[in-house]
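K.L.:
Below are the chains, spelled out letter by letter.
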Amino acid sequence: MNKQRSKFNRQTVTTFLYPVLFGTFIAILWQTQLLHKIIGADTFTLPLPGRIFSIIHDNAADILINVKATVIVALGGLVLGSLFGYLLAIIATTFPKWGIGGLTIASAFHAIPIIAIAPILNNLTKDFSKDPNTRSMLAKMLVVMITCTVSMSINAYRGFTELKPYSLDLMKSYAASKTTIFFKLRIPNCVPYVFTALRVSVPGCVISALVSEYFAEYIIGVGRQIRENIVLAQYATAWAYIIVACAIGIIMYVILLITEGILLKGRR
Amino acid sequence: MNFMKKALNSKKLVTIVWILGLIVLWEIGASVIEHTKRSPENVLPHLYQILQSIVSRDLVNSSQTALQIVLSNAGITLFRAGIGFIIGIMIGFALALLMYLFLVVEKTVFPYLMMIQMIPILGMAPIVLAITKDIDKSRIVIAAILTFYPVATNTLAGFKAVEKEKHELMYSIAASKYQIYRKLLIPSCTPYFFTGLKISAPMAITASILVDTLQGGGGLGCMLSQSLKHAMSIYVFWQIVFISAIIGILSYYLMTVIEKVMSPYQRKGPKVKKEVSANEQAA
Chain A
3 MNKQRSKFNR QTVTTFLYPV LFGTFIAILW QTQLLHKIIG ADTFTLPLPG
53 RIFSIIHDNA ADILINVKAT VIVALGGLVL GSLFGYLLAI IATTFPKWGI
103 GGLTIASAFH AIPIIAIAPI LNNLTKDFSK DPNTRSMLAK MLVVMITCTV
153 SMSINAYRGF TELKPYSLDL MKSYAASKTT IFFKLRIPNC VPYVFTALRV
203 SVPGCVISAL VSEYFAEYII GVGRQIRENI VLAQYATAWA YIIVACAIGI
253 IMYVILLITE GILLKGRR
Chain B
517 MNFMKKALNS KKLVTIVWIL GLIVLWEIGA SVIEHTKRSP ENVLPHLYQI
567 LQSIVSRDLV NSSQTALQIV LSNAGITLFR AGIGFIIGIM IGFALALLMY
617 LFLVVEKTVF PYLMMIQMIP ILGMAPIVLA ITKDIDKSRI VIAAILTFYP
667 VATNTLAGFK AVEKEKHELM YSIAASKYQI YRKLLIPSCT PYFFTGLKIS
717 APMAITASIL VDTLQGGGGL GCMLSQSLKH AMSIYVFWQI VFISAIIGIL
767 SYYLMTVIEK VMSPYQRKGP KVKKEVSANE QAA
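Protein sequences appear in the order of chains A and B.
Letter by letter, the first sequence follows residues 3 to 270 in the working numbering.
Letter by letter, the second sequence follows residues 517 to 799 in the working numbering.
In case anyone wonders, no lab produced these hints; they're calculated from the structure.
Predicted model, so just to flag it, every value in this text is computed and none were measured.
Some hints here could point you the wrong way.
[Stated by the list, open to error] Simulated coverage check for chain B against chain A, where a stretch passes if three residues somewhere in it have a Cβ under 8 angstroms from a Cβ of chain A:
1. 558-572
2. 631-637
3. 718-729
4. 757-766
[As the list claims (entries may be wrong)] To spell it out: a stretch of chain A is covered by chain B in this simulated footprint if at least three of its residues, at any positions, have a beta carbon under 8 angstroms from a beta carbon of chain B; those stretches are:
5. 54-64
6. 206-214
[Said to hold, decoys possible] Here are some, though not all, of the chain B residues that point toward chain A, as calculated from beta-carbon distances under 7 angstroms:
7. 530
8. 531
9. 651
10. 734
11. 744
12. 748
Backbone N, C-alpha and C fix where the C-beta goes; we use that ideal spot for every residue, glycine too.
This is chain A alone, in the form it adopts within the complex (with noise of 0.2 angstroms):
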């Protein structure tokens, strides 16, 4: 018993400690340059760490700023892009056989890439409002929707769908309304469909709306000052918002994962 404690020990320990180890020996190249010589950069365009870290430091005030407007898009554009995407599988699974054609179409939707859907829907919100923070800002959430819809609609589709063995069986045996099997069973049983979903486009939200910041009339947001700064050959600067945006990409993820944690609890 003891013996085996100890080696559930040893592998956590080294589940932390060989990827901790990696990414120490990387900072370490990095600090001492030696990853510059290795893939031929300098210290201009791969700034030092610590270089990168003051800069975030000094700018606080400005990136707050632009991660505001990036996350108020990534999180805007998940939240509409999600209950559509739900609501058309809820539709899907009332109309079968539309549905599923109507599904196979959402899917091939998203093969396209969002650079050509970018620029489309910064024309078309062009009339929306006189100001062209706002209406940049629908332009890109518009963009990060169409993205987030597609998985949503799928998997819930299959939560919908997919259901245990006889359980419907069992609701109809009990003669229980359409409704009923809706609430009672469907709903339930597409809780976890639903965060497989969320899982995949809560990592894509914050990739297109970096992406359509690219495009949009507007110039804020975390990916345009990315851009913007190598422009102005701004190295440093633009790697500071690199590690901003990897942030907020983790920051998400990591909330996703404790939620599924504490709502499906019991399930697995």
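Please arrange chain B on chain A, whose structure you already have, making use of the hints.
P.N.:
The following block gives chain B in isolation, referenced to the frame of chain A:
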């Protein structure tokens, strides 16, 4: 009559109706915009106008028609995306194999693979360009990065999904390590491997187009941003939108086709089912 019923019930008809519906929606939007905007072709042109621009012989720049420009640049983009994609596949597969062979490698690398998924690589495109200093190289690098992690994680999942009993069987018939890989592991991980490819093929193309927009030097993205700035006919932009959508979708289907060609045993599934159902009907 029976034929009609079959046609009405078929899946293809449903898809076609959906596509028709989308086209109608587009045309309604285009008509509305035609009457309300000063330059409707910038916002939402009619589909026939786009088609017209595809077949028209008018030169858009000094030597090429709109379609020629789009197609030649699509070729450039696809070529670069393809190279990056193939490099990414090779790295991804090798990494999956290494992770499967050595626990240390898996423990070290896997958390980072998970983290890469959350990092917006496309946002890093400009910085990769700054480091490599060459637009072609940076396109390939980014396409490769975007390709390698879905391939690596999915292939690793495929290696791990092999049942213990199969390993025991291979052990009991004294199969060599090479034979185990050749006959057991590689075949059983192909479906997972192709899932990774299906995820990453459209991504590699998106990446390639995005990198195009950063700097001149040809490619779909470059033409797209030029056309948006009205350096040439705006219809070039619309054609690029459609072409890139088609390429993205086709790349996905290409992977499906390759999968079917490379793993013929999977085709047996539906065929056997059909035979069974035919037998049932006969009975």
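K.L.:
Each hint needs a verdict: does it hold in this structure or not?
P.N.:
Structure-based check of all given hints:
no.	hint	in the structure
1	558-572	holds (count 3)
2	631-637	holds (count 6)
3	718-729	holds (count 6)
4	757-766	holds (count 5)
5	54-64	violated (count 0)
6	206-214	holds (count 4)
7	530	holds, 3 angstroms
8	531	holds, 5 angstroms
9	651	violated, 13 angstroms
10	734	violated, 16 angstroms
11	744	holds, 6 angstroms
12	748	violated, 15 angstroms
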